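So you can see what is in the structure, the chains are spelled out below.
2 protein chains.
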Amino acid sequence: MSGNVNRQILLVEKPSGKLGAQHFRMVEGAIPEPKDGEALLRVRYISLDAANRAWMHGATYRSAVETNTVMAGGAIAEVISSRAPELAPGDIVFGDTGWQDYAAVPAKQLTKMPKMEPLTHLLSVFGIAGLTAYFGLLEIGKPKAGETVVVSAAAGSVGSIVGQIARIKGCRVVGIAGGKDKCNWLTSDLGFDAAVDYKDGAVFKALRAAAPNGIDVYFDNVGGDILEACLPQMNNYGRIACCGAISQYDGVPSAHGPRGVPGLIVVKRLIMQGFIVMDFMESRDRALSDLQAWVSSGKLKVQEDVIAGLENTPKALIGLLAGENRGKRMIKL
Amino acid sequence: MSGNVNRQILLVEKPSGKLGAQHFRMVEGAIPEPKDGEALLRVRYISLDAANRAWMHGATYRSAVETNTVMAGGAIAEVISSRAPELAPGDIVFGDTGWQDYAAVPAKQLTKMPKMEPLTHLLSVFGIAGLTAYFGLLEIGKPKAGETVVVSAAAGSVGSIVGQIARIKGCRVVGIAGGKDKCNWLTSDLGFDAAVDYKDGAVFKALRAAAPNGIDVYFDNVGGDILEACLPQMNNYGRIACCGAISQYDGVPSAHGPRGVPGLIVVKRLIMQGFIVMDFMESRDRALSDLQAWVSSGKLKVQEDVIAGLENTPKALIGLLAGENRGKRMIKL
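From first to last, the protein sequence lines stand for chains A and B.
Take 1 as the starting number for the first sequence in this note's numbering and just add one per residue.
Take 1 as the starting number for the second sequence in this note's numbering and just add one per residue.
Be careful, since some hints might not be right.
As the list claims (entries may be wrong) - Coverage of chain A stretches by chain B, computed from C-beta distances (three or more under 8 Å per stretch; other residues unrestricted):
(1) 101-112
(2) 204-215
(3) 274-280
(4) 313-320
As the list claims (entries may be wrong) - Covered, in the sense of this in silico footprint (three residues per stretch, anywhere, with C-beta under 8 Å from a C-beta of chain A), are these stretches of chain B:
(5) 220-231
(6) 235-246
(7) 264-275
To be verified - Counterexamples of contact, computed for chain B against chain A with all Cβ distances above 10 Å:
(8) R25
(9) R42
(10) V70
(11) K112
(12) L119
(13) S254
(14) A255
(15) G257
(16) V261
(17) L310
Rather than coming from a laboratory, the hints here were simulated on the basis of the structure.
Remember, it's a predicted structure, so these values are computed and weren't measured experimentally.
Glycine residues also receive a C-beta, built at the ideal position from the N, C-alpha and C atoms.
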């Protein structure tokens, strides 16, 4: 961010296969003027999420991102000036500012956040990632002490928190992640009972060894082959919390879905349930209070992956889709 | 059934593709002697179900059927003699007698049934079919008045009841069935609002026309392509009651599952839930009381397809898998 220039990263082409740097372009514009009801924001931290890539496919729970507009993305931002009564300069907010230094956004689309140190926690454990893990595991997965919980993308922002909450709730926790380093980190630093490296091949067998009593809750961040490997290992009355399908986002859409649907769902009386964290926002305070208590007591470790510089945002997203990050990845402006 | 001979139909070979008459053989044996705790039964009506075919693939919610044994199957039977205190000659029971004239079965594995006329209703509307429709629709599908309910295999034993209960509950009901005659029957005789003939091709489009406001509840008896056609048309927070996967039973197992799993489940916050009617048996009396009231008042029409002669059982099952029947198919001995 420099002087009175607003740097912006545009999506200039929708990827048909893998996302690349060529799909983006940085431009410089003027700092916008807020209209009535809007606040002018200085963006502080941009959240990077696999969902950013899914938005390029078309409408999801939000409208599709369009080419030659500022790439959409959630961020923590500071209010510079406000033409809305509910916001004042200095306030910290969360909202979809897009990938740019400054944004003028209707106050109604912003959530006022507490001022905390570090601010980054508002995007990780106390932000969408932490709340997604909390509600998805507890409200959809409904784990009971002693049950086995498996989570995919386990070293990611959501998965790393899901596994730790499941441990707090007394479950046996198995994480699926890519690479030996990540797997070691899950078991030695985050307290997972076991980890399966999907890059090692033979996920089905490794999972069988890591979850010898079968799977009661599968928190699915990835879909595809890993979902297919989990399905036959689900116990009767198991729950699959469908959080995302990262394996399907970056590239050509899959030609088919997982085998075993719906046959195994019938025979094992499984529940597969999709959710979006926004649907649980009325219970946000309760969730934050639990998460804060666990972080303070050291039961829940927060892992963040902060990269400096707006210009690095495309590369950071591309890397996230390739599984480069550990914990919550974000851009510091 | 003739004199003191027990005719039995054996499964002599497990089909690798489509089921055929050559997979069965009829033999004659002696009428068995009941052991302590068992009752000797004379089989009256054998239930034919798509699930019979699924049992040949391997263990499901029950163990697999084995070759060179009497083919398994539920039936209504009369107690001839009893070595169990809870059963007496003349009692009517439901249980897995297998495809034969007589069976000696442990009393613990039998359910005593009321003596009613016609006895066939104990296999159709007041039997597994009716209870499956009742619990699957109401407990898993949870339809609300004004919602759109879609049911596949709609002219079958379960589907025809599902659609009628959904109408009773004030829903818009769309049935998917094979052939113009079945579809006409659904709308003109059973009160379905619309019917889609899957043999006519273009199921997706026909469904869009029949369910213009989207689908809130999909009662899935078939899986496969029809499930795939329904998924993108589900409304947010829709429920898919997974009852069976008939499309997958008779032939080579499908190489892949439905596209859209889990992506659409996430985005639309769907619930896909499998169930087995046995899990709801504690609420059986309530269900039977509702079903009886609807039948008496004429709100629920009972369609049965009764074929005479044990020797016709294989052909009747093969025909059922090809979609020949309307309503509950059974064999009268």
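Quick rundown of the hints versus the structure:
1. 101-112: violated (count 0)
2. 204-215: Violated - the region 204-215 of chain A has 0 residues with a Cβ nearer than 8 Å to chain B, which falls short of three.
3. 274-280: Three-residue rule met by the region 274-280 of chain A, so holds; n is 4.
4. 313-320: Answer violated; 0 residues pass the 8 Å Cβ test.
5. 220-231: holds (count 4)
6. 235-246: Holds, because 5 residues of the region 235-246 of chain B bring their Cβ atoms closer than 8 Å to Cβ atoms of chain A.
7. 264-275: This one holds; 12 residues, not fewer than the three required, reach chain A with a Cβ under 8 Å.
8. R25: At roughly 28 Å from the nearest Cβ of chain A, R25 of chain B sits farther out than 10 Å, so the non-interface label holds.
9. R42: R42 of chain B is indeed farther than 10 Å from all Cβ atoms of chain A, at 32 Å.
10. V70: Since the minimum Cβ distance to chain A is about 23 Å, V70 of chain B lies beyond 10 Å and the statement holds.
11. K112: holds (26 Å)
12. L119: Holds, since 29 Å exceeds 10 Å.
13. S254: violated (7 Å)
14. A255: violated (7 Å)
15. G257: The claim breaks: G257 of chain B does not keep its Cβ more than 10 Å from every Cβ of chain A (closest is about 4 Å).
16. V261: violated (4 Å)
17. L310: L310 of chain B is indeed farther than 10 Å from all Cβ atoms of chain A, at 29 Å.
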